[in-house]
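Could you put the whole structure together from the sequences, leaning on the hints where they help?
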Amino acid sequence: MDLPKPTSTAASSAGTETPNPHAFTCELPHSIYALAFSPTAPVLASGSFLEDLHNRVSLLSFDPVRPSAASFRALPALSFDHPYPPTKLQFNPCAAAPSLLASSADTLRIWHAPLDDLSASAAPPELRSVLDNRKASSEFSAPLTSFDWNEVEPRRIGTASIDTTCTVWDIDRGVVETQLIAHDKAVHDIAWGEAGVFASVSADGSVRVFDLRDKEHSTIVYESPRPDTPLLRLAWNRFDLRYMAALLMDSSAVVVLDIRAPGVPVAELHRHRACANAVAWAPQASRHLCSAGDDGQALIWELPETAPAPAPGAPAVPAEGIDPVLVYDAGAEINQLQWAAAHPDWMAIAFENKVQLLRV
Amino acid sequence: MEKPLREGASPGPSWAPTESTAFRVYAAAVGERAEASPSAPGNGVSTRSSNLRAVRKRPFVARLTTDIVQTFEKCNPEFKYSESLNPKRFLTNPAVPVHNDGLDNANSDLILYVNLELVNIKSNRRLVFFSMLFTKYQLLPFRNIRPFTQEFPFHKEIRAMDLCFEMREYLSLSSFWYVIQEMLGQGTFGQVAKCWDAETNNYVAVKVIKNQPAFYQQAIMEVSLLSLLNERFDPDDQHHIVRMLDFFLYQNHLCIAFEMLGHNLYELLKRNSLRGLQMKYVRTFSRQILDALIVMKDAGIIHCDLKPENILIAPTKLEHYKYLLSRNSTINSGQPPDDLLREAKNTGRFFKHVGSIYPGSEARNGTGSAYRILSEDEIEARESKRPKVGRWYFPRGRLDRLIFTYPWKNLSEENLPETEKADCLALVDFLRGLVEFDPNKRWSPVQVGSINRHLQFNNALQPKIPFSYGSSCGSFGSHGSFNDNTGLASSYGSYDFNSANIYNSPMDPSGFNLRSQAGGSFLGSSPDIRRRPHLSHGGGIRLSPGGPGPMSLGASPSQFTPPNSHMQIPGAHGKYGASPSRGALGSSLGKAAAVGQYNRRRNQGYPPMPMPPPHEHTSQLIHGHQGDGVSAARFDAYGRGNSGYLHTTLPSHYSWRPHRGAGSGLPSDPSSSRGSFPPTNYNGFPPLHSDVSADTLPSTSSIPDPADWDPNYSDESLLQEDLSLSVELSGLHLRDSSGQTNRSSRLAPIQSHDITTSNPSASNQRYYSVFLMCSAIPKSLCYRNNTDTKSPLCRGESWSLVCSEQTATFRCKKGFWEDILVLDLEECGMPPN
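Keeping their order, the protein sequence lines are chains A and B. With the numbering used here, the residue at position 52 of the first sequence is 52, and numbering never jumps. So the mapping is simple: the numbering used here equals the position in the second sequence, first residue as 1, plus 360.
A hint or two may mislead.
[Unchecked claim] Below are the BS3-like pairs computed for lysine-lysine, each with C-alpha atoms no more than 27 Å apart in a straight line: (1) B/Lys417 <-> A/Lys354; (2) B/Lys630 <-> B/Lys640; (3) B/Lys554 <-> B/Lys640; (4) B/Lys417 <-> B/Lys448; (5) A/Lys135 <-> A/Lys215; (6) B/Lys781 <-> B/Lys667; (7) B/Lys667 <-> B/Lys554; (8) B/Lys640 <-> B/Lys781; (9) A/Lys215 <-> B/Lys434; (10) B/Lys434 <-> B/Lys417; (11) A/Lys135 <-> B/Lys448; (12) B/Lys630 <-> A/Lys135; (13) A/Lys135 <-> B/Lys781; (14) B/Lys667 <-> B/Lys640; (15) A/Lys215 <-> B/Lys554; (16) B/Lys630 <-> B/Lys554; (17) B/Lys781 <-> A/Lys354; (18) B/Lys667 <-> B/Lys630; (19) B/Lys781 <-> B/Lys630.
Source of the hints: derived by calculation from the structure; they are not laboratory data.
Put into structure tokens, the structure is as follows:
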């Protein structure tokens, strides 16, 4: 594996007590889980994690060109209340479309967030619609663990619910396009691949790929080694749809899958020293991904160049495993990681009550 | 920072960090250093992290996924969500609720959906068990007996089965549940679902039977048969028979849990575009199937639906191809009776099923068979109704052509390798032996299995086999005494096929001896043609691979005993006959018989040894008792009750009539046999047996000597259990000093006889139920006593139940081991008086 030569910048920052000059921190009054980059404005949305009905979504602005600690700040005027802690936040990925922010918790909510005025007098985002698929009989709807906004078809949002279903919404019309019983247990994450293809992970331990053209069937791409070990997170490589990365519950491993070789991960990345909490693919590359976990590390990995043979037992990874190429120590358990296409030089991580922008 | 990426080789766009990255290069040393001081503010952020880590509960990601309901409940105390609100992914089709309080669909299938839990409740039933035990079987003179709550839907037929259930439920106090994952198949009997067994962390296949009496009964039968096969005849899972793991009642549906297996043979063939398999696989498969069939034959069970779909392949087993016989196994009682079959040979080829074979339906009240021969008109009508298309499954009209031209590898007959040709030839001959219409000439599994084995492995033995067969054949013509040594297997085939009586099923050697002797003496010198297949097969195949024609089997008309006439004998005598091979042979006669069995087991010839049938019979009777620890009660019952039985049944063999009821005549031999019932045998039993009429059923499964003919023995003991209700219950019946047990047992043969002829299915069922009941105890005891290992430390040479005023004691004994379970009745809710 090719390791990049250590640069003076990185090496010097590692051992010194001086703050990392390329990491910018913003503290908020509450712990943070959800994070989202806006594709248009230099804005980052963060969702609180409070075990309370009243949670808060804050918008943070930053200066991607001349970053400074002062320029990375919360926008109190643009913060708004949110019922339950948001399990995910995401801006409308289509820059041309109206700037919308979606959040998932008990239901899927769409907020209108223009972001053209970031001044202190700007109006906070307005709730545009609540997309609730609950049955009339039940008082509460099944909590949503995640959702994903379709980049190719921006009117589509797919949600993952603990009621074993994935729901595809048409947010333009505010109706359910389809609802699939995707898994045998709670669905924990969902990711779109193409306009009509999504994948999901579940407590049943499987990664399944669905094609809306054939809703009767799904393809199981991976199953956790011990059945019923829940899979928590899924990231689909936008640049190379062959690759996915998935996280298992209470596991430090990042499982990298090649959908051409179902069942056998192409690589398992084992350098976290505590459970991995978040994973993201590099927005503009096919073989790099970043993962973060309870060990306080954010690790950037580079997969081997040659695509491994899909034969089981013959992975093209070294026997001792793959080492990450880059590492960042946050010093506390990292809960969230976002690496957005709009700002490929920047990565956002969340730990404790802090959001940190990292230059990569 | 530059990254030495090889741009050209990279499949996608490369990525490299910017010059001013917040990250640093990863190195193992760096990682260790960081580990040593995890809170080091290397990047200048938090200093509180170590404190936070101590109080940290779970990562947010887990609290917002797996634990999201709890998290939301903390957020909003009123929030609640239950998995029962999840939409159900129905597996059953149709999924419209109709019957059984909305649990069943119109077909009485339980409506299955993913994550439905099939629960085997085994707790809280102790009182039921005990009250039932005590009320029904009068174990203890309790005054305040709780009424037995009948919770089974079809109570009249399955009383013994209830006991089974109750026993098991009592003795294994935990409950198991099986979480449905996916549907494996739907059939007339019900559904099969792939389930997750949390107890064992394994997938199992659970068969959910329809909630209808007929299917229920059929499934009970399957349970009985499978546990018989699994536990008694194949305890080490060596004979390619599917393992039954559990059975229970769920929402009025009987559920049977099996080990999870792979594709069936038909699917395998289909994946091969139905082009067949290479001969070596055919041979491997055949051998394993035959192996299983031999075991089933020993158990007296006919697989009535042997077809590729019912042969599952176990992908993970060592032997690579594991087979099972699962569905639609039935005892011979479901077959058309032999007299019909015999007639059919002359009159037509088809049978019509004129009634349900399921016990519990109208056929039960009939006089015997649910089959009758079609008249010629009916056959014609049927033929004409049948469309012409599709009747020719194979393009070749002849068996040998079919096999030689089967396109397993796109090879035509010309360029088949010689070895393959020889194998084809062998297969042709093999199949001819199997498809012989005359059941007397048709090969039995043992026969076939031996041939198959010899063909495969023992080339050196081949000259011997035909030779010994021949010799036996030659000497046999006048006297049938020992044809069973060699030809027993062949007798088997016809026997089983025709038998309509369960008492036939234990194909014990003594029965065969007797019959063949009878046959020999009555038929005079009619040569047993069934030797011929052996001859031609064992020697001929390899020697002349070119010509399959002359190998045709069954060319000579074999005048064999109509098997029906022997029906009672093997069953009755089998009880005694099987055991001599286990040792303790007192007389040369018995030894001869034993050797005969031994030889048969190995498929070797045995020098003919003329021997008068009655004597041999007698000797076997004696030795049967000596050789085995048959329980005192049973022996006693037989000693007294059976004498009459022998009187009536033996003559029927000699008179050559298909005689089922009581017969008369020729009392001499039976009486001698009765006279030879030595009370010393009785006394020779271990005290445990005499103390309690314990059943040896569950114990005999592990016999060290492979030459033993143990399965028969167990069958015999089973048979006895069936003979009457009182005997059936003997396993739980405390025998008092007055000897009432004996008295009641005396009636056994007659009763059972009637039952058998009039209603074989019912008796079969009870018969096996009792077996189950008895077998359930020692095993469970073992599990209880060895909860750590779950290993059946003691399979139980015998078990007993002794009740006093305060306690009930189960004892399970094998060799030096004895497991004792003492139950406090008061604690169990059964206070004395």
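Hint by hint, here is what the structure shows:
| no. | hint | in the structure |
| --- | --- | --- |
| 1 | B/Lys417 <-> A/Lys354 | 18 Å, holds |
| 2 | B/Lys630 <-> B/Lys640 | 18 Å, holds |
| 3 | B/Lys554 <-> B/Lys640 | 32 Å, violated |
| 4 | B/Lys417 <-> B/Lys448 | 33 Å, violated |
| 5 | A/Lys135 <-> A/Lys215 | 21 Å, holds |
| 6 | B/Lys781 <-> B/Lys667 | 25 Å, holds |
| 7 | B/Lys667 <-> B/Lys554 | 22 Å, holds |
| 8 | B/Lys640 <-> B/Lys781 | 12 Å, holds |
| 9 | A/Lys215 <-> B/Lys434 | 36 Å, violated |
| 10 | B/Lys434 <-> B/Lys417 | 14 Å, holds |
| 11 | A/Lys135 <-> B/Lys448 | 13 Å, holds |
| 12 | B/Lys630 <-> A/Lys135 | 45 Å, violated |
| 13 | A/Lys135 <-> B/Lys781 | 68 Å, violated |
| 14 | B/Lys667 <-> B/Lys640 | 19 Å, holds |
| 15 | A/Lys215 <-> B/Lys554 | 22 Å, holds |
| 16 | B/Lys630 <-> B/Lys554 | 22 Å, holds |
| 17 | B/Lys781 <-> A/Lys354 | 79 Å, violated |
| 18 | B/Lys667 <-> B/Lys630 | 14 Å, holds |
| 19 | B/Lys781 <-> B/Lys630 | 24 Å, holds |
The structure fails to meet hints 3, 4, 9, 12, 13, 17 from the earlier list, while all remaining hints are met.
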